[in-house]
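Peer 1: Residues per chain, in single letters:
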Amino acid sequence: MRRTRAIVRTGAPVAAILVLTALSGCVAPTEPAELFALTPDIPKNRTMQTRMFETPNERELLSASAAVLQDLGFQVEESQRPVGFLRATKERSAREYGQYVRQVLVLILSLGKLMQPVDLHQKIAASLISRPLNAEATRQEVRIMFYRVVWKGDGQVDNQYIPPGEQYMEMIRDPEIYQQFFAKLSKAVFLEAHRI
Amino acid sequence: MNKSAMHITLLGAGLLLAETLSLQGCAAPQPTPDMLAPTEAQMKIRSLQTRSFDLRDRNAAIRGVIASLQDLGFIIERANEGLGLVTAARFAEPNYYDVVTITVTVRQETTEKMSFRANAIYNNKPIEDPKVYQNFFAALQRALFLSQESTASP
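These protein sequences, in sequence, are chains D and Z. Residue 1 is where the first sequence starts when you use this note's numbering, and the numbers rise one by one after that. Residue 1 is where the second sequence starts when you use this note's numbering, and the numbers rise one by one after that.
One chain only, chain D, in its complex shape (with noise of 0.2 angstroms):
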C-alpha cells in the first residue's frame, strides 16, 4: 500500500515532465526543401507588407521610410540606396505576465520539478526594400517585413538546469503594425499607399 503510494507520488511529476517534454517534441524539423516552397500564406503576407506608391521619387521614398522608422523607436542599422534597402532594429524587453503566471503554475502542477524558461529580452527587425514597378519608375513598391528574436531566461527540469541565452525567432504578422507603418509613410511622403 505504502509502496504503491510511493510510486504514485514519484510518478506524478515524472508523468508531467514526460507529457511536457512529448507536447514540445511534437513539432518536427523542417526540411529544407520546404522553406524554398511557395506556401498558400505566402501571397496574403505579401499583401499585408507591400503598398505601391504614384511617384518618380524613390529617394524620397526611402528617406521618409527611414524617418517612420525612427519615429518608431527603431535604430537604421544598414541601408544600400541603390537597390532601396533599409534595415532597422530596436531591443526592447519581453517580459510578459502571462508567462510568469504559467511558469508558476508548472512549477507547482510539477511538484517543483520543472521550471519553464520565460522570455527575457528581444530584438524587433524590419526590413525594408523599394522598387520602381516600371520602366519609367513612375510606380515604387515598398515592402517592410518585420520579425523578431526573443532570448530566454534560465530554467529547471528536474535536476538539470537550463542556462538562460536560449533564442528563438518569429515573424511578426499582426497586420496592424503593418498598416500603422504605411500608414505613418503615406502621411510623410503626402502620397496615397495603395494596396497591391
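Hints are computed from structural coordinates only; laboratory data are not their basis. Model, not experiment: these values are computed from the prediction. Do not take every clue at face value.
[Claimed, not checked] Okay, derived cross-link-like pairs now, DSSO-like style, lysine-lysine, Cα gap no bigger than 30 angstroms in a straight line:
{"#": "1", "chain 1": "D", "residue 1": "K44", "chain 2": "Z", "residue 2": "K131"}
{"#": "2", "chain 1": "Z", "residue 1": "K125", "chain 2": "D", "residue 2": "K90"}
{"#": "3", "chain 1": "D", "residue 1": "K184", "chain 2": "D", "residue 2": "K44"}
{"#": "4", "chain 1": "Z", "residue 1": "K44", "chain 2": "Z", "residue 2": "K113"}
{"#": "5", "chain 1": "D", "residue 1": "K44", "chain 2": "D", "residue 2": "K90"}
{"#": "6", "chain 1": "D", "residue 1": "K123", "chain 2": "D", "residue 2": "K152"}
{"#": "7", "chain 1": "Z", "residue 1": "K113", "chain 2": "Z", "residue 2": "K131"}
{"#": "8", "chain 1": "D", "residue 1": "K123", "chain 2": "Z", "residue 2": "K125"}
{"#": "9", "chain 1": "D", "residue 1": "K152", "chain 2": "Z", "residue 2": "K125"}
{"#": "10", "chain 1": "D", "residue 1": "K44", "chain 2": "D", "residue 2": "K187"}
{"#": "11", "chain 1": "D", "residue 1": "K123", "chain 2": "D", "residue 2": "K90"}
{"#": "12", "chain 1": "Z", "residue 1": "K44", "chain 2": "Z", "residue 2": "K131"}
[What the hints assert, rightly or not] Now the stretches of chain Z that chain D is said to cover, found in silico as 3 or more residues with beta-carbon under 8 angstroms:
{"#": "13", "segment": "65 to 76"}
{"#": "14", "segment": "87 to 93"}
{"#": "15", "segment": "97 to 109"}
{"#": "16", "segment": "127 to 136"}
[Claimed, not checked] Taking CB as the label site, the calculated pair distances span:
{"#": "17", "chain 1": "Z", "residue 1": "A37", "chain 2": "D", "residue 2": "D71", "range": "53 to 59 angstroms"}
{"#": "18", "chain 1": "Z", "residue 1": "R107", "chain 2": "D", "residue 2": "G98", "range": "48 to 54 angstroms"}
{"#": "19", "chain 1": "Z", "residue 1": "T111", "chain 2": "D", "residue 2": "L72", "range": "42 to 48 angstroms"}
No residue lacks a Cβ here, since even glycine has one placed at the ideal position from N, Cα and C.
Position chain Z against the provided structure of chain D, taking the given hints into account.
Peer 2: Only chain Z this time, still in chain D's reference frame:
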C-alpha cells in the same frame, strides 16, 4: 643484484615510455597538399548553385534576386549593390528554432549574360539538396521575367 635488476626494469620502462611517445609523434596527421583543391563533389554543388540568365542590367538583376527571395518569404538581411551581394534568411514557421540563410552573388559574365550563384545554409550546415537550388532559381527566373515584362510594358 637486486639493485641492478631494478635498474634494468626502470630502464625498460623508460625505453617503453620513450618509444610510445616517439610513436605518437610519428602518428602526426600527414599534411594533405590537396586539402584546398576542389573535389568532384564540390564542383557538382557549385554547378547546382550557379545559373546564368540573359540580362544586361546589373541593378535590375540584383533587384530581381531581392524580389524573388521576398516572394519566397525570406527576410533581406544584407544587400550590397557594388559587390552584387544579397543575404537573406527565413525561419521555419511552426518551429522557430530552424533557420535557412542564403547568400546570392550576381556577376556579369559577358555583356549579355549575368551569372547568379546561391549558397544556402540550414542552421549551420550547407544545403546540398539540388531541389532547394532548383526552387530558388525557378523563383528567380519568375521574378526576373516579371520585371522584364513590366519594363516592356508602357
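Peer 1: Determine for every hint whether it applies to the structure shown.
Peer 2: Results for each hint:
1. D:K44 - Z:K131: Since the Cα atoms of D:K44 and Z:K131 sit roughly 25 angstroms apart, the hinted pair holds (cutoff 30 angstroms).
2. Z:K125 - D:K90: holds, 29 angstroms
3. D:K184 - D:K44: holds, 22 angstroms
4. Z:K44 - Z:K113: Judged against 30 angstroms, a Cα distance of about 21 angstroms means the pair holds.
5. D:K44 - D:K90: holds, 26 angstroms
6. D:K123 - D:K152: holds, 12 angstroms
7. Z:K113 - Z:K131: holds, 24 angstroms
8. D:K123 - Z:K125: holds, 25 angstroms
9. D:K152 - Z:K125: holds, 24 angstroms
10. D:K44 - D:K187: It holds: about 24 angstroms lies between the C-alpha atoms, which stays within 30 angstroms.
11. D:K123 - D:K90: This hinted pair holds, its Cα atoms lying about 6 angstroms apart.
12. Z:K44 - Z:K131: holds, 14 angstroms
13. 65 to 76: holds (count 8)
14. 87 to 93: holds (count 4)
15. 97 to 109: holds (count 4)
16. 127 to 136: holds (count 6)
17. Z:A37 - D:D71: 53 to 59 angstroms: Taking Cβ atoms as reference, Z:A37 and D:D71 lie about 54 angstroms apart, which means the hint holds.
18. Z:R107 - D:G98: 48 to 54 angstroms: 51 angstroms Cβ-Cβ, so the 48 to 54 angstroms window holds.
19. Z:T111 - D:L72: 42 to 48 angstroms: holds, 44 angstroms
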